[in-house]
Each structure stands twice: as C-alpha cells, then as structure tokens.
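2 protein chains.
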Amino acid sequence: MIAKEREEREERMHHSAAHIMAEAVQQLFPGARLGIGPTIINGFYYDFELSRPLTPDDLPLIEDKMREIIGQDEPFVVEEMGKDEARHLFSDQPYKLELIDEIPDASVTVYSQGSFVDLCRGPHLDSTGQVREFKLTHIAGAYWRGDEKQPMLQRIYGVAFDSRAELDEYLVRQAEAARRDHRKLGKELDLYSTHEEIGPGLICWHPKGAVIREVIEDFWRAEHHRRGYDVVYTPHIAKLDLWKTSGHWDFYRDYLFSPIEMEGHQYMLRPMNCLGHILIYKSELRSYRSLPIRYAELGTVYRYERTGVLYGLARVRGFTQDDAHIFCRTDQVEEELVGVLNLVQFMMSSFGFGEYEVFLSTRPDRYAGTASMWEEATESLRRALERLELPYEVDPGEGVFYGPKIDVKLKDALGHEWQGPTIQVDFNLPQRFDVCYIGEDGSEHTAVMIHRTVLGAMERLLACLTEHYGGAFPVWLSPVQAVIIPIADRHVDYAHQIESDLMNGGIRARVDDRPQRMNMKIREAQLEKVPYMLVVGDKEMTSTSASIRLRSGEDLGLETVKEIKSRIASAAEERL
Amino acid sequence: MIAKEREEREERMHHSAAHIMAEAVQQLFPGARLGIGPTIINGFYYDFELSRPLTPDDLPLIEDKMREIIGQDEPFVVEEMGKDEARHLFSDQPYKLELIDEIPDASVTVYSQGSFVDLCRGPHLDSTGQVREFKLTHIAGAYWRGDEKQPMLQRIYGVAFDSRAELDEYLVRQAEAARRDHRKLGKELDLYSTHEEIGPGLICWHPKGAVIREVIEDFWRAEHHRRGYDVVYTPHIAKLDLWKTSGHWDFYRDYLFSPIEMEGHQYMLRPMNCLGHILIYKSELRSYRSLPIRYAELGTVYRYERTGVLYGLARVRGFTQDDAHIFCRTDQVEEELVGVLNLVQFMMSSFGFGEYEVFLSTRPDRYAGTASMWEEATESLRRALERLELPYEVDPGEGVFYGPKIDVKLKDALGHEWQGPTIQVDFNLPQRFDVCYIGEDGSEHTAVMIHRTVLGAMERLLACLTEHYGGAFPVWLSPVQAVIIPIADRHVDYAHQIESDLMNGGIRARVDDRPQRMNMKIREAQLEKVPYMLVVGDKEMTSTSASIRLRSGEDLGLETVKEIKSRIASAAEERL
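As they're listed, the protein sequences go chains A and B. For what it's worth, numbering that gives the first Met the number 0 labels the leading residue of the first sequence as 0, then goes sequentially. For what it's worth, numbering that gives the first Met the number 0 labels the leading residue of the second sequence as 0, then goes sequentially.
You may find that some hints are simply not true.
The list cannot tell twin chains apart, which means a pair is met if one copy fits it or any two copies do.
Said to hold, decoys possible - Derived DSS-like pairs: lysine-lysine, alpha-carbon spacing no greater than 25 angstroms straight-line:
| id | residue 1 | residue 2 |
| --- | --- | --- |
| 1 | K528 | K281 |
| 2 | K408 | K528 |
| 3 | K561 | K538 |
| 4 | K564 | K528 |
| 5 | K281 | K186 |
| 6 | K520 | K538 |
| 7 | K281 | K183 |
| 8 | K134 | K64 |
| 9 | K408 | K3 |
| 10 | K134 | K561 |
| 11 | K183 | K528 |
Since the hints were derived computationally from the structure, they do not count as laboratory data.
The whole structure should be built from the sequences, with the hints applied where relevant.
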C-alpha cells in the first residue's frame with residue numbers, strides 16, 4: 000500500500016471506530032449527548048455529555064459493547080438530507096443542532112450504522128466489521144469547542160490498527176514514552192521543579208539538573224571559543240523603546256511580558272538577546288577587516304505563553320538560549336552559514352542525535368524589510384545547505400518576521416520530533432539599528448546579521464535528552480558518574496578514599512554510606528541511573544580496587560582504582 | 000601627633016584655606032556671592048555665584064591670590080553678634096542671609112581675616128600664614144543646597160597639607176586613582192559598556208570583560224563543588240506574593256522594581272536569589288542527616304537605585320551575585336560560618352586582596368523576627384569570628400531586615416575600600432516559609448538559613464579588580480594572555496602555529512598580524528596590558544622559539560615555545 004492510500008484507509012478506520020464508540024456509549028448511557036468525534040494521529044476521540052463522570056473502569060465495558068457492534072457487521076450508510084430534516088432527527092442532541100446551524104450548505108450528510116445515526120462528512124469503511132484491532136486509551140475533560148465558558152464534556156480517546164501486532168507495538172511504544180516522560184523522570188531523578196508560588200513555566204534547576212546544564216554550558220563555551228566566537232553577557236531588561244525600534248513591539252507583542260515602570264521609563268523583560276549584541280557591536284567603529292564578529296551568549300529570555308500550552312521543560316516562559324549573533328559582510332554570509340551548519344552537525348552528534356530533519360522557512364504574511372531582502376537571505380541559506388549536501392524541505396511562510404530561517408528538528412530515540420537548532424539571516428535589524436562597518440573603499444556599509452542557536456534552549460534540551468536517553472544520560476552528562484557502595488561499616492573509609500581520588504580526577508563520585516543494605520543501595524543507584532556502581536569490601540580493599548557494576552545490571556568484575564578512574568574519565572572524554 | 004589631634008589640626012587648616020580661597024575669589028570676582036565652604040576628606044570646597052563661568056585656567060590665578068593673602072599672615076578673628084547685625088553685615092550675600100535665618104540661636108559667630116568676613120562656627124588656625132601647602136584641584140557645578148530647583152553655583156575644590164611632601168604624595172595618588180578608574184579603563188580595555196537605549200545601570204559585558212567573568216565563574220564553581228556546595232539555577236522573576244511572604248515587599252520596597260502583570264497575577268524581578276533556593280529545599284522532605292544543604296547560584300538580581308547614585312560597574316541596577324544559601328541545623332551554624340569564613344579568606348587571597356576589614360552589623364530599627372532570634376544569630380557570627388581570630392568591628396544597627404551580618408570590606412592597592420563578602424544568619428525566612436527538617440527525634444524542626452556571597456557581585460568585583468591592578472590583571476584573569484607579534488610577513492604562519500599551540504594548551508593567545516610596524520604593535524599590546532608579548536622573526540623560527548617581553552617592558556630574551564607554554568600555564572595555574 001502506498002503512503003497516501005494507507006493514510007486514507009486509516010482515516011476511514013479511525014472515523015468508523017469513533018462512530019462505533021459513540022453508539023456503544025449511547026447504548027450504555029441512555030440520554031448521552033454527543034459532541035464531536037474527529038480522527039487524530041493513530042486514533043480518534045469523541046466528546047460526550049453524560050449523566051455521570053466516567054472512570055477508567057468504564058473503558059473495558061465500552062470496548063465490549065464496541066466489539067458486539069463490530070460483530071454485527073452493520074453497513075455504514077450515507078444519506079444527504081435537508082437541514083430541517085436533520086434538525087428533526089437530532090432534536091435531542093443540542094450540540095449537533097449547534098453544528099447543523101453552522102453548516103453553510105442547505106443540506107447535510109449523515110452516516111448511520113444499524114439504529115445509530117451521526118452528523119458526519121465521512122468517509123467511513125463499508126461496515127462495522129471492518130474495524131480490526133482497537134483500544135480505548137484514556138479519558139479527559141474537554142470544553143465544548145475548547146471554550147472555557149462552554150460546558151465541560153467528557154472525552155474518550157482510542158486507537159485502532161489493522162493488525163494486533165501494530166496495536167501491540169503502538170501500546171509498547173506508548174508505555175515507553177510514558178516511562179521516559181521528562182516530567183516524570185525530572186521528578187524521579189530530581190532534575191528540576193516548578194512552583195505555583197513562583198509562577199507557571201518558570202523553572203528551578205535542582206542540583207542534578209544543574210550539573211547537566213553546567214557540563215553542557217562548559218562544553219558549549221569551549222567549543223564556541225575554539226570556533227572564533229566571543230562570549231558576552233547582556234541585561235535581561237531594556238527600555239521598551241528599543242523593542243519598538245527593533246520591530247518586536249509591532250510584530251511580536253503577543254509574546255511580550257507587560258512593561259515595568261521606572262523613573263518615567265518603561266522597561267521590558269527581553270524576549271531575545273539580539274539587541275544587546277547590536278549595541279556592543281555599535282560601541283565602536285568596525286572595519287571590514289574586523290568582520291566577522293561573532294557574539295555568543297547563554298542568554299535567559301522571557302516570553303509570554305498561555306498557561307494551557309506550557310509543558311514541563313519543553314514549553315516554558317523563561318528559558319536560556321544558546322544564542323549567538325554573527326555580524327558580517329555580504330560576501331561572508333554563505334561561509335558563515337556553512338560554519339554554523341558544521342557546528343550544528345558537530346553538536347547534534349556530540350549529544351547523540353543521529354536523526355534530524357532540516358526545514359527552510361520562508362517569508363511569512365507579516366514581515367519586516369523588503370521582499371528582495373528576503374529573497375537574497377533565503378538564497379544564501381539555500382546555497383549553504385546545498386554546499387553541505389544537507390537534504391531539506393521548504394516550510395513556506397514559516398520564517399520569523401525579520402528574516403528567513405533554517406530549522407532543524409531532532410528525532411529522539413522514540414522517533415518524537417523536537418525543535419532543535421535555528422539559523423536566521425537578517426537584513427532587517429542592521430538597517431533599523433544602522434549596524435555598519437567601514438569597507439575597503441572607506442565608506443559605510445550595512446552589515447548582515449545571522450541569529451543562531453544550536454542547542455535551542457537549555458530547558459528544552461534537558462527535556463529532549465531526558466526522553467532520548469530515558470534518563471540514563473551518557474557518562475559525560477550524568478549528574479553522578481559513580482556511586483561507591485561499601486559492603487560493611489569497616490569499608491566506609493576506603494570508599495571515601497576512592498571518592499576523593501575520583502573527584503580529584505574530575506569525576507563526579509559519591510559514597511553511599513547510609514546504613515541500608517548493599518542490595519538496596521545498588522537498586523537505588525540503578526533507579527537513579529548512575530553509570531557506574533563501585534562495590535567495595537575486604538577483597539577490594541586489599542587490592543586497591545572495586546567491583547564495577549553498570550546501570551544495565553552488567554557486572555564487570557574487579558578493577559583497580561586507577562583502571563576505573565581512566566575508564567570513567569575516558570568515557571566522559573569521548574562523550575559516551 | 001596622635002590621630003585625634005592631627006584630625007583637628009587638619010580640620011582647622013582646611014577650614015582656613017576655604018576662607019582664604021573665598022577671599023581670593025571675592026577679590027578677583029567683585030560681587031561674588033558666597034554659598035557654603037565646608038571641609039571634606041583631605042581638603043575643602045566653596046560654592047560661589049559668579050558673573051561668569053570659571054575655567055580651569057582660573058585656578059592658578061586664584062591660587063596666586065591665596066598665596067598673597069597667606070603672605071600677609073592676617074590673624075583669624077572670631078566675633079559673636081546678634082542676627083540683625085549679621086544680616087546687616089551680609090546684606091549683599093543672599094545665601095548667607097538664608098543661612099542666618101535658619102540658625103535657631105539668637106546670635107551667630109563670624110570669622111574674619113583682614114577685610115574678609117564670613118559666617119562660620121570655626122575653628123580656624125591663628126592666622127592665614129599658618130596655611131602651608133595647598134592646591135585647588137577642580138571645579139564643578141553644584142545646586143544651592145543640593146536642590147535642583149535652586150540656582151546652580153560654581154564649586155571650587157582644594158586640598159591642603161602640612162608639608163610639600165604630603166601634598167605631592169596626595170597628588171600622585173590622585174593621578175594614579177584617575178589612571179586606574181574602572182570607568183576609564185573599562186572603556187580603554189574594552190571590558191564593558193552601558194547604553195542609554197537599554198537604561199542606566201544595566202551592563203553589557205564585552206568579550207574581554209566577559210572572559211574575565213568566565214574565568215572567575217569557572218574558578219568559583221569548581222571551588223564551590225569542592226567545598227560541598229550544589230549549584231542551582233532559579234528564575235529572575237516570581238509572583239509578587241512570594242515577596243510579600245518573605246517580607247521584602249514590606250521592608251525592602253524602595254529597592255524593588257515595579258511589578259509585571261500577567262494573566263491577572265503580578266510578577267516581580269527578583270532583588271535576591273533566596274526564595275528560589277527555599278522552594279527547591281522544600282521540594283522534598285529533608286532529614287537531619289541530609290543537612291547541611293548548600294545551594295549556590297551565580298544569580299542575576301535587579302534592584303532599583305536612583306540614577307544619581309549609579310557609578311560605573313560599582314553601583315548598578317542589575318548584577319550577578321555569587322550567592323549561596325546554607326540550610327542547616329542550629330548545632331551546625333557555627334561550623335558552617337567557619338567554613339564560609341575560610342572560603343572568604345581563600346577567595347580574597349586568590350584575587351590578591353591582602354587587606355580587609357571585618358564588620359559585624361547588628362539589629363536595625365526596622366527588622367523582622369524577634370529580638371532573641373537576633374541575639375542568637377549575632378552570637379553565632381561573633382563566635383565564628385573569634386574561632387578564626389579575625390579582628391572585627393561592630394557596626395550597630397546595620398544588619399539587613401531579616402538578620403545580622405558580617406561584612407568584609409576590601410582594600411585595593413590604593414587603599415580604597417570596597418564592599419566585599421557578606422554573611423547573614425537568618426532565623427526569620429525559615430519561619431515565614433516553614434523551612435524545616437525531620438530531626439533525629441522524628442519530629443519537625445525549623446532549619447537555619449545562612450545567606451552569603453563571597454565575591455559580592457561580578458560587576459563590582461570587576462570594577463575593584465580593575466582598579467586594584469590598574470587594568471594589568473594577573474595572568475590567570477587576563478583576557479588575552481599572550482600576543483604573538485611577527486616581525487615580517489614571512490613570520491605570520493609561524494606566529495599562527497604558536498598561537499594554536501598555546502591555545503591547545505588552554506592559553507588565551509592572539510596573533511597581531513596587522514600590517515603595522517612591530518614597535519607599534521608592542522606599544523599597543525602594552526597599553527592593552529597583555530602579560531606576554533612574543534616577538535617572532537627569522538632567529539625565532541629556526542629555533543622554534545620566541546622572544547618574550549613583559550608588559551612592564553622587561554625583556555626575557557629567547558625561550559622555546561615549549562618553555563613559554565609552561566611558563567604561562569604555570570603562572571595561570573598559580574593565579575599569578
């Protein structure tokens with residue numbers, strides 16, 4: 000089956016399963032009022048107003064009833080009818096009546112199976128018997144039409160597949176995704192927290208999450224210095240007028256926090272780091288010979304997002320971007336873009352992301368600058384991608400207001416996509432801020448600016464890494480790299496000796512000297528996903544060694560402390 | 000002469016010099032109206048309303064006239080008179096009339112020398128001839144009574160000493176202070192900038208300043224991990240209610256920025272980092288065995304200060320504190336304070352500050368908590384200081400609202416004092432936020448919190464280091480540690496080879512391959528205060544070496560690249 004045919008068949012199956020579920024619910028809950036029942040990726044849902052709240056225990060009963068309806072193999076019958084006839088038919092279904100009123104056409108279509116009938120455009124399978132493997136996965140509350148002023152309905156989600164194997168695979172993958180959910184692991188591994196007292200979407204990094212961030216930031220800084228970037232620091236607030244000059248106030252207002260008053264001026268939390276970098280650039284006259292200038296900053300920015308869309312570390316209101324702005328001449332743009340894309344590839348492989356997709360986003364409806372500027376910028380992005388032979392797709396109209404961009408989407412171990420690096424070419428801000436340099440000809444030229452972030456945001460990166468590795472971070476990123484477990488009290492001093500030996504070698508080691516039993520300590524270290532457990536008893540003490548156990552459960556036997564030190568250090572060094 | 004006598008004699012001399020200056024000005028500018036003429040440290044000033052603006056060229060003329068008056072050796076004569084008589088005497092001096100009106104007594108005192116008479120409490124020297132060595136240093140505008148709605152007067156500053164040697168020493172020190180001014184060096188060495196467009200007191204760290212900050216932050220983090228601190232990151236904004244609970248809203252409002260509205264809640268830029276740390280602490284139940292917990296953060300805070308008091312990097316509105324909060328049991332407080340004081344001593348010596356003064360600040364008028372809490376906290380600070388045999392002075396009433404503190408004031412190379420480390424014991428916030436732990440007895444106990452910062456603020460530290468070292472930062476802090484200067488074009492490749500060799504060894508090296516002459520490059524590197532200049536020509540190329548010159552001008556002759564590398568690396572390692 001080719002992809003398109005397959006998609007269409009899935010659509011019919013999901014749609015049909017939704018109708019079957021609705022019929023089952025109506026039979027089990029007489030008087031149920033039906034909302035809408037669309038298809039989604041891998042499945043479907045339907046919204047109901049019922050006489051009582053559903054519990055997870057209801058789902059198997061509804062599934063049984065669905066199987067009964069499937070067994071009857073009733074054909075799906077389509078009928079077109081006038082709106083008045085439809086209104087009569089759905090007279091006890093107020094939500095359907097609302098939908099009928101909104102349909103602009105004179106007639107509507109309804110689909111029926113047996114005695115059940117639903118307002119629907121279709122398409123459906125031929126009969127209920129063609130729905131194969133399905134499962135109702137969960138229930139949730141949902142406002143009618145997503146409007147919190149409307150009644151709260153009960154939504155039942157389900158999935159359906161052609162074969163048992165496909166369904167099973169899906170369910171396993173779902174369970175794995177739930178197991179890897181960074182919000183769950185973030186708590187279990189004590190990486191971060193949010194607090195109602197501080198406000199939603201504002202992250203507190205706990206010591207273990209912060210160690211990961213420190214390692215990443217150190218690595219990032221060293222790599223940027225090596226590649227000719229200069230690190231800078233700029234303030235988190237600035238006068239509002241600056242954001243008017245930049246165009247953010249006009250084009251980006253929905254994401255801005257409300258202003259702060261001070262001494263008759265309005266200040267604003269920065270949504271981006273670019274303006275500080277522009278002002279540093281402009282603090283002296285630049286010559287064509289001093290370009291490119293590359294300013295990098297681990298800059299925390301604040302953007303307003305509705306509470307409803309906030310999601311763990313992945314979508315927040317305050318985040319630290321690994322931002323940089325490259326100021327260069329027109330003839331340097333392509334080379335700089337190639338350099339940035341090289342850095343992107345290096346960073347992606349360093350963090351273990353083998354798969355990613357590249358998108359070239361072009362001019363949106365609302366944009367600053369001229370169409371020809373946009374054309375030129377888009378072309379230079381295109382040429383850089385082609386020089387590196389990077390396959391890409393065009394994402395029309397998805398550029399930011401000040402320029403076209405390259406977006407890289409990472410795939411984690413479960414195939415989920417994450418927003419990754421972004422590279423934007425900007426001919427617009429340099430004009431608005433008169434960002435220029437003295438050319439070889441002795442006169443002023445406007446510089447080109449490239450905005451780029453390769454890790455995106457520290458918060459989202461930690462979310463992504465947590466899910467990608469299921470919390471078992473590579474050694475170089477592990478908050479604790481080795482736990483030393485003394486078998487008895489008399490081994491505690493020796494354990495601390497190893498600890499300080501490892502720590503002097505830059506290894507994050509910790510002794511577990513609690514009074515608990517060894518096996519429990521090993522189990523806890525495994526749950527904590529510590530890469531190396533070093534068990535020490537009499538035998539180990541006499542041979543200046545330790546017994547190594549990996550978090551996988553694998554036992555590596557006895558190794559000398561010196562060997563262990565070099566084993567862990569080289570794993571960290573190689574970013575394993 | 001003992002200090003007090005000396006002080007009194009200086010006071011008389013400065014006061015007398017001020018009167019002599021006023022007489023000189025009146026003689027040179029007939030009709031001059033006199034404001035006030037007090038003494039200040041090392042000297043005096045006097046405010047005048049004159050027929051024309053003064054220029055620096057006027058100062059020598061005034062000095063000449065002063066010398067004439069001194070030569071006449073007129074006695075200072077004091078006289079008490081009724082206010083009406085005084086009003087008559089000063090009838091053409093409106094500012095003096097204003098002062099007379101405000102004196103509550105029935106009579107006033109006036110001092111005269113020759114024909115000059117001034118409203119004055121004294122004391123003075125016996126005669127004008129006793130004023131020895133003096134110099135008028137500069138002029139400035141000053142509003143009458145410091146009120147911008149009053150007329151702007153012209154202020155002349157002067158200094159006076161007993162001997163020529165003292166005056167000369169003072170003038171040399173002043174010139175040196177001006178040469179070391181961090182605002183001047185900050186610009187010359189390209190360390191930082193502020194921008195009217197962003198707002199006053201908000202710092203942009205340029206690449207060279209940022210390198211110093213990175214080195215300091217890395218050093219700071221490593222040292223804190225070594226000493227059992229955990230690094231965390233917390234948001235720059237939080238809901239206003241949190242600051243009401245903490246007491247900041249009541250006790251600290253003058254320093255708070257105005258709130259930010261979002262979704263019906265008020266948020267505020269944080270003036271301190273403590274509350275995020277409290278919430279992380281409270282994110283799980285803590286046992287007495289897990290204490291002390293030490294959270295450290297390089298946390299940027301925002302505090303409102305009037306524009307008028309902002310000063311370079313030393314007094315700003317946004318700054319990054321090297322903050323930490325220690326949560327511990329009552330029986331651990333003293334030990335923790337000793338640990339912090341040890342860290343303070345280590346840090347001070349690492350940055351080259353040999354001299355500092357320690358102050359113990361006690362309960363202010365407005366305070367939170369009970370007097371007995373304050374007593375207990377003050378005692379534990381006192382005991383820790385005494386255990387380390389650190390001499391200290393008590394600064395009564397200078398504690399912050401939530402607890403007493405130890406303040407350390409650093410002395411830079413010129414003897415100027417800088418606000419340094421601060422350590423506060425806090426029994427108050429733990430109560431307000433119910434910060435507790437489960438004791439050995441199984442029940443809840445309130446924890447004690449210690450707030451501390453050892454470097455103070457990155458901004459102020461950079462200001463202080465810049466002035467302390469006059470911009471010639473020690474090798475480990477120098478933004479550029481070595482400049483490699485090729486003698487001719489044919490040596491450029493070799494220079495770059497050395498550069499990458501040094502950089503691979505972690506040394507911040509840079510080739511100066513501009514077309515300028517060698518001597519000019521050396522001069523510029525010296526002005527930039529780069530510790531090592533490595534000159535390379537034919538001789539150096541054939542021997543894989545370079546000729547080393549220090550920024551002092553000293554010539555160390557030829558050394559192999561390997562020797563140079565280890566010379567620089569070990570200087571940096573030893574924090575020289």
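These are the hints, each one checked on the structure:
Taking CA atoms no more than 25 angstroms apart as the test, K528 paired with K281 passes between copies only; the shortest distance there is 24 angstroms, against 48 angstroms inside one copy. Proximity of K408 to K528 under the C-alpha cut-off of 25 angstroms is found in neither arrangement, the shortest distances being 27 angstroms within a copy and 46 angstroms between copies. For the homomeric pair K561 and K538, the shortest alpha-carbon distance inside one copy (16 angstroms) is at most 25 angstroms, but the shortest distance between copies (45 angstroms) is not. Only within a single protomer do K564 and K528 lie at most 25 angstroms apart by alpha-carbon distance; the minimum there is 19 angstroms, versus 41 angstroms between protomers.
When the C-alpha separation of K281 and K186 is checked against a cutoff of 25 angstroms, the pair qualifies only between copies, where the shortest distance is 13 angstroms, while the shortest distance within a copy is 45 angstroms. In this homomeric assembly, K520 and K538 come within 25 angstroms of each other (Cα to Cα) only inside a single copy, at 19 angstroms, whereas the closest approach across copies is 64 angstroms. For a Cα distance limit of 25 angstroms, the shortest separation of K281 from K183 across copies, 18 angstroms, qualifies, whereas the shortest one inside one copy, 46 angstroms, does not. Taking identical chains as interchangeable, the C-alpha atoms of K134 and K64 lie at most 25 angstroms apart only when both belong to the same chain, with a minimum of 12 angstroms there against 103 angstroms between chains.
In this assembly of identical chains, the alpha carbons of K408 and K3 lie at most 25 angstroms apart only when taken from the same copy (23 angstroms versus 74 angstroms across copies). Taking the shortest alpha-carbon separations for K134 and K561, neither the intra-copy value of 54 angstroms nor the inter-copy value of 70 angstroms comes in at or below 25 angstroms. When the C-alpha separation of K183 and K528 is checked against a cutoff of 25 angstroms, the pair qualifies only within one copy, where the shortest distance is 14 angstroms, while the shortest distance between copies is 52 angstroms.
In this structure, the earlier hints numbered 2 and 10 are contradicted, and the remaining ones agree with it.
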